[in-house]
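Using the hints, put the two standalone chains together into the complex.
If you're matching them up, the sequences are chains E and D in order.
Per the numbering used here, residue 4 is the first one in the first sequence, and the count goes up by one each step.
Per the numbering used here, residue 7 is the first one in the second sequence, and the count goes up by one each step.
Simulated from the structure, these hints should not be mistaken for laboratory data.
No residue lacks a Cβ here, since even glycine has one placed at the ideal position from N, Cα and C.
Any given hint might turn out to be false.
What the hints assert, rightly or not - Output of the computed footprint for chain D on chain E, the stretches with three or more beta carbons under 8 Å from beta carbons of chain D:
1. 102-109
2. 149-157
3. 174-183
4. 206-219
Said to hold, decoys possible - Straight line, CA to CA, 27 Å or less: simulated DSS-like cross-link-like pairs of lysine-lysine:
5. D/66 / D/170
6. D/170 / D/96
7. D/96 / E/118
8. D/56 / E/118
9. D/251 / D/219
10. D/574 / D/531
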Amino acid sequence: MIRLFMITMIALFSFAVVAPAIAMEDSVKTEMIKDATDEPPQIGAPAPHFVATDTHGNEVSLEGLKGQNVVLEWTNHQCPFVIKHYETGNMQSLQDKAKELGVTWISIVSSADGKEGNTTPEEANAIMGEQNTNPTHRILDPEGTIGHLYRAKTTPHLFVIDAEGILRYQGAIDDNPSPRQSAVETARNYVLEAMVALTEGTEIEVTQTRSYGCSVKY
Amino acid sequence: MNFLKIFIPLFYLMFSIAYADTQNHVQIKLIPSVDTAIAGQSFDLILEQKIDEHWHTYWKNPGESGLPIQVKWNAPEGVEISAFQWPVPKALDVQGIMNFIYEDTVHLIATVKIPENLQDKTLSITAHADWLVCEEICIPETGVFSVDLPVGEHAQLVNQGIFKSADRALPSLYTGLLSLRENGTHFELELEINPFKAGDPILFFSEDWGLVKAGSAADIQTKNSKTIFSFPRTDRALADISSFKGVLAQGNIGFQINEIPLTVSEEKLSPPPVQTNLWSAVLFAILGGLILNLMPCVFPILSMKALSLVKISDKSRGDSLKHGLSYTAGVLLSFAGLAGLIIALKAGGAEIGWGFQLQNPLVVLILTWVLFAIGLNLFGSFDVTTRWTHIGSGTVAKSTGLVQDFLTGILAVIVATPCTAPFMGVALGYALLQPPSVTFLIFLSLGFGLSLPFLLFSFLPVLQKIMPKPGAWMEIFKQFLAFPMWATTIWLTWVLVQQAGTNGLIAVLSGALLISLSAWLLTHKPLGIWRWIKILLLILCVVGIFKATQFQTTQAYEQIAYTPETLKRELSTDHPVFVNMTAAWCITCKINEVIFKREDIQTAFNAQNTTYIVGDWTLLRPEITAYLESFDRTGVPLYIYYPARNKETGDRPDPQILPQILTPSMLKNILVPNN
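Same shape as in the complex, but just chain D (with noise of 0.2 Å):
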């Protein structure tokens, strides 16, 4: 008996002398998480791979060379080995050529489930493996490896700093709803919440090959508060990839992407689907353009030329008619530059539609201003509104008379922009679907709508005979319409928040604060200094205004929202976590946010890759109370740091809690410790 005590371990020496090849570059071992196999249970095992500096072995699908391990397990009958979890691959370009590789220390974990009949005293799994190393050069290795396991009732669960590593190294289940597509260039996947941070690229390492261009970084865009990662595929038919799943990763960050329907979009490659013929959307393209005119921001400026017109309509048919002309042309310009411009965004490969210019945030702000201005003009806060509504009336010359019909045209089309009218739906849906000459067309059209009441104005004397007589309420209603004005600024400002938050906010109300300040100084005509004064006072404004435009869309630097999910997600990473609890009406944590805008501050973030969490509590939001209560704290700020994991024992050391007014010395001794 003791001699085979001691022969047995001998004669396992002499066999794993007998594989383990030194002069291979992948060391292979199998680790079990147990100490005993029970029979009836599972238990995990890892297939560890530690693989030579600078060589590398493979993921499961080796990407465009290169070829995965391969495993045959032997084990007693009735015991079932799942196929392996891969950990997320890294991506690697040899001189043009991708491969989806590891390096270092990679561990496989295959789960393997005990019968209930097992017989053997010991559990015996034998791997015969097959794996490709690569470096520069390439060479297939191949070895036996085995783990013996006692049979038992009892199993203390071992090797589980090893488990925890492997663990963390696997992608997680992306849980969220997301939907793929395919439009016959690329592939898509949209998922309801980004897990990711701004940064580094992103990639799809898909299971099957040709779904997406190896080694392809995401193009991202954000849609409907939508995250959409769009890869190019290869020419490989779809029909001939066996699985869409995949893992979509960020670094060492991944999250396994599982088999769900695909969408297949035709639409880039049928004509477009709808009914609609060309002389039916011309005809909506009118209706649309002409109803355009009831709009809120469009109505204001028809009145205002009408009003014109009740001057006008004593004089000649002719000149009436030259106005008429003269705005018609200033619209139909107007839309033929829209028309051009889409058109040669389209050529460009964005989509976009009607309105497209309102995503640009600047222009939202400006698009507010002029028509927060013409409202006051129409209010009759500044005195450019009489001259402008008394066109053609002989105090302006004719020439300028016209000039201006012109020049309010074009203004009708920019104060429309924000608007869509029904009918326009249809007909620029069709429009953006055709050639360009059609698009021009339809377009055109919509300006013809859009002119169209006031060319009727011009041309029919009846019409103009309609007109009450001019009077008093002439001014009334004119300020009335300045109402609708406002409203549709209310409006826009609502845009403008959803795009550049609160910054954009206090830009469009400052601006607007300069602009009444603006029209109430040119109402007055001040004499000796104060005349200067006005000046003085009227470029502060234009230069208060300039600056407004100035504002940040975009936060300086990375931040993810706080909940309790994200906040475990980033601490089960190895980066350093900063998580800020403020809200709007808290003055103190205002101040130290200024701190953080820092660029010093930041290059500090970026030094230990920082992730920074910031928990917002202008609205009483129960899960941060709860969080501010695991800290003894009932209101904020707080600032928490949690400090990077521990190389060596993979631990994280306690959180420090960081006092409510911070400097930024302070803040960067804790940042970067060494500092």
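Okay, chain E solo, but in the shape it has when bound (with noise of 0.2 Å):
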């Protein structure tokens, strides 16, 4: 009968330690999927590295690029806000400064095959010479690896790097979300602002802002 008694206690203590456990496996299942997903890159943190061939052929490597200031430009040209930037001219001139400052410029087309903005590298470099563009590279990431990466969410959505590798600036190219051409006359251009400082070994004033436009079609 002691025995009986005793082996109950055991019983029950053992379920007073397991039963927690058993709600306690849950929250590990969860934190463990968190860890799975990396996460978003930060400013001030260094930027995702990645690998990629752009549409003359080139490999482009983010590693091998330290030492130089670079700006991460995602795109699709048919987006209306790509539009307003590259009719207006402003995109254009942004890129030709940042030649000036010596910035390597890499423009990323993360529209997946079939969706808007998505095309072949002969086609890319056909856009890019109607719109007058010139960017150090052109990338076509139709997987959404690079995309991903970077967690780009709009058509245009910029990334400013130093020469170490590490985020800078992050988010829309301006502080005017309007679609209408005449927005960009009047607009504060945080990139221009970000490389001009990088450059200048200032500070950056605004790391981080929404990027706006249309959604990235992965």
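This is how it looks when you write it as structure tokens:
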């Protein structure tokens, strides 16, 4: 009888221990899922590394670009917000300014096959000719690999990376999200500010904004 | 004049054709709430967007892409046009990019204030609108729209159907008590009343971006009867966020959360603010453990042990030392186990403290029974007691005696867990904020404190000498000790009822009945056939006790407590509403409620998304009496079914009064009319 009582006690105690442990299992699981997805890129932290081939067949590696400031521009030539910045020549002049400051400019198209903005490399080069634009590289990312790595949300969406490979700005090109072309004249251009500050070694005033535009067509 | 009368509309027609671009995916119209503008008064103006199928426009915060409509008004000087009121948006996930959108038809409402000195004969208001409409691709569209109202003395309300439905689509203002918190990783809204039903995810549409991760569903917790909706933050600095306003929404039901001061809690970032240092925490823990011995749940156990020492006091010092040490080992091991468990749970992200295990009703239930059984045991209702306390008295082998000391140590910790003693709070509060090694140390100190009295008794023969001589008083004292045990069971039962309601109460009482029946059976040693009957009965008791642990803690489906306000709120939605007025003492009600719990009836409830409101008239509640009277009833049960709103007219058909005795088939026919 004593034994029975003792066994019951032990059973009860082990139950008291096990019951919360069962409840715990769930929270552990979600924790693991959280770990499995990589964190979004953060200002002040190393920008995610990538290697890709541009539309001219050259290999582009972010690692290989260390020592230079880099701008990533998500684009889609059919998106009205992108069109606004190219038809007004705003984006081209920003790219010219980048060249002047020795900043590498990489345009990335993450439109999936069959989606708006998806092109072959030849088409992409032709479009660049029409737009009269000349970024250092244009990368086609139909799988969305780089896009997801950077959590690129919109076209345009811009990232400024310094010579050490640290992300220094991410967000909109400027502070006026209107699709009207007249908007670019008075807008405050965050990317220009960031590039200039990086070259001059001063602090970037605005490091993060919400990008605006069409969603990236993953 | 006649010519003008024809020409002006014609002119307007040409004008509007020029602007109404049939290629647009959104058709926009301005709709006033009055037919005449009166100087010095206000009226409402709707901007209606009729959006092509599969296309959408955006809420004022569009989410991670997109753009809300921008309107520039053109109106006579002095006319004030307010910002829009926006209906509850929908979250749309486009390949991982969250957008807050509108589909089909959406009405934005603005208020127009006309100045006293308006001279015009006609009030003309023009909207220059730019908007973005997206399907898979996005198209910026633009248009100019106007509305003209004659200015006069008397006005009629017009377009009331549209205004009524536009109002319904707006978020309601949340008026209950509310607090906002931010702790670095999460933004939390604490609401006094949870306005939502269980089920669909609850989102927070914040007016500024980056306050919460766009489109993430709330993690919902209930604490002290308040509901906390917790949303993951983005890495956007709090200081950069201009407003904490937003809409807390579930489906198309939304509540406007207005700006209130935000509490930023640093607890997760900064080191513990307490001045307690390690050694004072250890001291407090030992002291707390010591006092724990006097708590009603532990005191009897300790006393039992002390009594057993009375018996061994004549024995050698070495023997009594061994007993003391094995008891201490049992206590310390249990506390180490408890500490390990708490550390593991904390690592898993749970916010727990002392007594966390009591948050599980099943643990509370079993603990109640254990304490009840120990009470019976002490009272002498079953004979395990006598041998149990005669540990080391020679009738039981010495080694077994030590094992029993060890197990009693464990038992002492089990029964101690629901209690808290002075000083413990400080020590535990400190322990839980510290690294695992310190947590362990504090817990072990607590255990040391708990086992200290018995250890001292067994160590110091002097103390044993103080103990009174064994005698009949011991039995009386032991019986008395049953009462603090049972007092503790009352408290635990109360906890259980809070957690699991009357189901839990019935479970704990039935179990207690079966335990006392078993105890009674155990004291008797019948012969022959009776022996087998006794064994059979014991088995039945064990099965019964096991059955009792399987009580339902949660209601089979969601029910909302009746108040006139909740009923009104639910009736303002489109869903059918079922009202059940009941009382615990109403047998008919209870019989009918068995039917509600049937699976097919629940399916019928779910099929039409029917809201189930329950009014409990167990105690007289005037608002329920008033409701009963409104249906010419003076008692319960009363079942009222409010059918769903008619989709075309937007009206709700008259409520149906159901008979007092329900049958499943009848109920199904009412809940799912087409069946």
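Evaluated hints:
Against chain D, the stretch 102-109 of chain E contributes 0 residues with a C-beta closer than 8 Å to a partner C-beta. That does not satisfy the three-residue criterion, and the hint is violated. Remark: the stretch 149-157 of chain E is confirmed as covered by chain D, as 3 of its residues place a Cβ nearer than 8 Å to a Cβ of that chain, reaching the required three. Proximity of the stretch 174-183 of chain E to chain D, defined as three or more residues with a beta carbon under 8 Å from a beta carbon of that chain, is established by the 4 residues found. Check on the stretch 206-219 of chain E: 8 of its residues sit with their Cβ under 8 Å from a Cβ of chain D, so the three-residue criterion for coverage holds.
Distance check on the hinted pair: residue 66 of chain D and residue 170 of chain D sit about 22 Å apart at the alpha-carbon level, within 27 Å; holds. Annotation: proposed proximity of residue 170 of chain D to residue 96 of chain D holds, straight-line Cα distance about 20 Å (limit 27 Å). Annotation: proposed proximity of residue 96 of chain D to residue 118 of chain E holds, straight-line Cα distance about 24 Å (limit 27 Å). With a C-alpha separation of about 26 Å, the suggested pair residue 56 of chain D and residue 118 of chain E falls inside the 27 Å cut-off, and the hint holds.
Distance check on the hinted pair: residue 251 of chain D and residue 219 of chain D sit about 15 Å apart at the alpha-carbon level, within 27 Å; holds. Between residue 574 of chain D and residue 531 of chain D the alpha-carbon distance is near 65 Å, which puts this suggested pair outside the 27 Å criterion.
Hint check: violations occur at hints 1, 10; the rest are consistent with the structure.
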